[in-house]
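*Asks:* Given next are the chains, with one letter for each unit.
Number of protein chains: 2
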Amino acid sequence: MVFSERISRLKSSLIREILAAAQRPEVMSFAGGLPAEAMLPKVEWADMPRGIGQYGMSEGEPALREAIAADARSLGIACEASQVLIVSGSQQTLDLASKLFIDPGTEIILEAPTYLAALQSFQLFGAECLSVPQEADGPQLEALRQRLEQHTPAFAYLIPTFQNPSAVRYSEAKRDAVAALLDEFGVTLIEDEPYRELVFDAGSATPIVSRLKKASWIYTGTVSKTLLPGLRVGFLIATPDLFPHLLRLKQSADLHTNRVGQWQALQWLGTEKYKAHLSELRDFYRVRRDAMQVALEEHFAELADWNVPQGGLFFWLTLKQPLDTRTLLDAALKENVAFMPGEPFFAKPDENPGYLRLNFSHISPERLGEGLSRLANVIRQAHLQNAA
Amino acid sequence: MVFSERISRLKSSLIREILAAAQRPEVMSFAGGLPAEAMLPKVEWADMPRGIGQYGMSEGEPALREAIAADARSLGIACEASQVLIVSGSQQTLDLASKLFIDPGTEIILEAPTYLAALQSFQLFGAECLSVPQEADGPQLEALRQRLEQHTPAFAYLIPTFQNPSAVRYSEAKRDAVAALLDEFGVTLIEDEPYRELVFDAGSATPIVSRLKKASWIYTGTVSKTLLPGLRVGFLIATPDLFPHLLRLKQSADLHTNRVGQWQALQWLGTEKYKAHLSELRDFYRVRRDAMQVALEEHFAELADWNVPQGGLFFWLTLKQPLDTRTLLDAALKENVAFMPGEPFFAKPDENPGYLRLNFSHISPERLGEGLSRLANVIRQAHLQNAA
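Quick mapping for you: the protein sequence lines, in order, are chains A and B.
When we follow the UniProt record's numbering, the leftmost residue of the first sequence carries the number 1, and every step to the right adds one.
When we follow the UniProt record's numbering, the leftmost residue of the second sequence carries the number 1, and every step to the right adds one.
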């Protein structure tokens with residue numbers, strides 16, 4: 001059997017395997033990124049018109065495109081509904097962007113760490129990944145300038161607001177500086193914002209695309225983190241030079257996004273009901289974030305450093321004594337605790353040992369302490385073995 | 001702006017443009033392939049569990065995979081639920097198969113004509129298309145053998161049952177012969193069957209994949225033609241050597257298919273309610289097929305030849321005096337009638353003039369005669385101009 005060349009780059013998904021192992025009910029899992037079941041809103045279907053069952057437009061439902069454009073304008077993004085493409089979850093934006101830009105060897109700029117599933121999509125298409133180290137307030141600007149001066153990347157893929165996995169929120173200054181650099185070098189920005197609305201602490205986060213003056217851009221988001229991921233409804237907004245190509249790629253990928261999910265999303269976007277739901281969601285997750293912080297202080301203060309995430313679903317821990325955290329997985333699962341190793345979030349995993357991503361949205365607060373205590377013990381055991 | 005090399009092969013979709021023009025209410029459209037609005041079944045949502053809103057498995061809902069495997073086994077396809085992948089409409093199967101097999105220059109075998117959106121997907125990824133002429137009972141076997149002897153295609157993509165556009169149903173003999181040839185040369189079969197259930201006249205059509213003894217295969221179908229296309233729920237079944245790769249490609253494409261549509265599809269598959277609906281659907285479309293045949297005899301007997309389709313949604317006309325039917329579109333739209341030119345259904349459009357695809361499912365029978373009369377006049381005018 002002869003497969004395409006790209007299949008040699010199709011990696012088995014470590015996350016899939018961890019999540020499968022973590023499904024045993026006795027496992028306390030910090031591994032996934034699932035919204036809490038209790039916070040899935042009750043939705044109504046009775047009013048959905050029968051005609052929604054028919055084929056739809058590849059662009060998406062006109063009213064939903066209008067609502068998303070209006071929402072984006074309220075964030076400062078100058079755009080029209082004609083620039084909005086409804087996608088089958090924002091993961092699809094990554095697939096479409098890969099197809100639009102990436103040939104084997106095409107250079108792209110990523111944060112280090114970056115979103116694992118984006119990295120996998122870009123690498124599948126053969127991208128040469130240029131990494132920019134992530135600091136607490138955004139990317140290291142000198143490194144970004146150097147990559148732009150020494151290379152000709154097709155785009156920069158950035159997650160400036162509560163990045164999965166690092167939880168970093170770019171500062172105002174870094175947002176401005178990144179926009180200015182991309183304008184200076186004429187490099188397209190793909191700005192991925194699934195976690196924008198999951199904000200627990202005040203602070204500005206105007207999108208970087210709204211600060212661009214010349215560079216092309218794709219801005220992408222989803223209702224998966226705030227409404228229902230099972231709907232598989234996301235969106236992208238693109239500059240007019242990119243939009244027609246993305247639309248044709250969308251049509252070739254799956255004709256159009258399911259209309260049932262689009263209709264449901266439209267029942268929520270921009271409504272008072274949605275605002276109230278978002279507010280509840282933030283309160284709920286803030287409590288879990290705070291409980292996790294307390295438990296981490298108790299069990300991990302000697303083992304790791306971290307910043308308290310101001311939004312999103314994850315803590316990102318840096319071990320004081322680095323080790324390849326992938327080697328901890330088997331021991332952790334034996335102790336019925338699951339976590340996500342940090343290495344796969346880097347284009348060069350082996351050069352970046354010593355990080356853990358811990359989800360705080362899914363596990364109930366009363367099980368937190370026990371789970372973190374077990375995980376800390378697994379790490380201590382590994383340190384002892386390494387020292388022996 | 002530097003795009004990937006494949007974007008140079010991303011064609012503007014003629015169908016999109018025709019369908020857009022055909023949306024004016026005064027246009028009588030034979031162009032699309034939409035199910036009749038009146039036959040979209042009324043569906044219930046009240047019993048859908050809230051948990052369906054959560055993220056799901058990339059493979060699809062376990063119960064739906066079981067139901068599809070059982071249905072396939074009843075067609076003679078030896079398979080397990082573990083070989084079933086739920087996709088976002090069967091169009092996605094083409095995207096995943098393109099990624100799995102096609103590098104620029106990869107040879108593949110197609111029927112001539114073949115399904116337009118498949119051709120576009122394969123060509124986007126850079127396939128070198130080897131065409132096998134379609135006859136009334138299936139592909140020309142000598143041509144197929146010759147392609148297999150002289151080339152090393154990655155797969156053969158075939159639509160043996162009521163193909164869009166030609167409406168051909170392969171005979172039993174050709175199904176056996178094709179299976180034997182693919183086994184002999186060890187070439188993977190992708191068998192696409194969206195129209196299997198839309199059958200109006202009796203006759204066997206056991207899938208070709210069920211006749212293979214050695215070759216790998218992907219079998220794909222959808223609920224779009226029989227239930228609701230707006231759900232975007234299709235499936236593929238693949239041999240175990242292909243399945244794990246397709247699953248990872250699915251995950252990279254959009255994580256998983258929307259669960260709301262999957263849940264609804266599961267309420268129908270294998271039920272008495274579904275059988276009754278399919279029976280109504282066949283009766284409804286058979287009446288329209290027969291009305292179209294009468295109207296065609298009246299208006300096109302001197303202009304074209306065709307076979308009466310035994311299933312599917314289309315008549316495929318061969319003009320007695322060939323001309324590039326794309327050149328008829330403007331004149332037809334001026335007369336407020338739309339159709340689909342045949343040329344784009346061939347890998348080499350310019351070498352295959354003189355075919356028209358006419359849909360009979362969407363237009364109401366009382367408007368048929370007027371629409372076909374106008375279209376016939378447009379063709380006669382073109383013949384006169386060409387003769388002048």
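What the hints contain is simulated information worked out from the structure, not anything from laboratory work.
A couple of the hints might just be wrong.
Intra- or inter-copy, both count: the list cannot distinguish identical chains.
[Claimed, not checked] For lysine to aspartate or glutamate, the following EDC-like pairs were computed, each having C-alpha atoms within a straight-line distance of at most 20 angstroms: (1) 11 <-> 103; (2) 11 <-> 59; (3) 334 <-> 66; (4) 11 <-> 241; (5) 214 <-> 305; (6) 42 <-> 176; (7) 273 <-> 103.
*Asks:* All hints, please: hold or fail.
*Replies:* Now for the hints, and whether the structure bears them out:
Taking the shortest alpha-carbon separations for residue 11 and residue 103, both the intra-copy value of 18 angstroms and the inter-copy value of 18 angstroms come in at or below 20 angstroms. In the homo-oligomer, the alpha carbons of residue 11 and residue 59 lie at most 20 angstroms apart only across protomers (17 angstroms), although the nearest pairing inside one protomer, at 31 angstroms, exceeds that limit. With identical chains, the CA atoms of residue 334 and residue 66 are never at most 20 angstroms apart, being 50 angstroms at best within one copy and 32 angstroms at best between copies. Taking identical chains as interchangeable, the C-alpha atoms of residue 11 and residue 241 lie at most 20 angstroms apart only when they sit on different chains, with a minimum of 16 angstroms there against 32 angstroms within one chain.
Taking the shortest alpha-carbon separations for residue 214 and residue 305, neither the intra-copy value of 39 angstroms nor the inter-copy value of 56 angstroms comes in at or below 20 angstroms. Taking the shortest alpha-carbon separations for residue 42 and residue 176, neither the intra-copy value of 40 angstroms nor the inter-copy value of 52 angstroms comes in at or below 20 angstroms. For a Cα distance limit of 20 angstroms, the shortest separation of residue 273 from residue 103 qualifies neither inside one copy, at 44 angstroms, nor across copies, at 48 angstroms.
Checked against the numbered hints given earlier, this structure breaks hints 3, 5, 6, 7; the rest are met.
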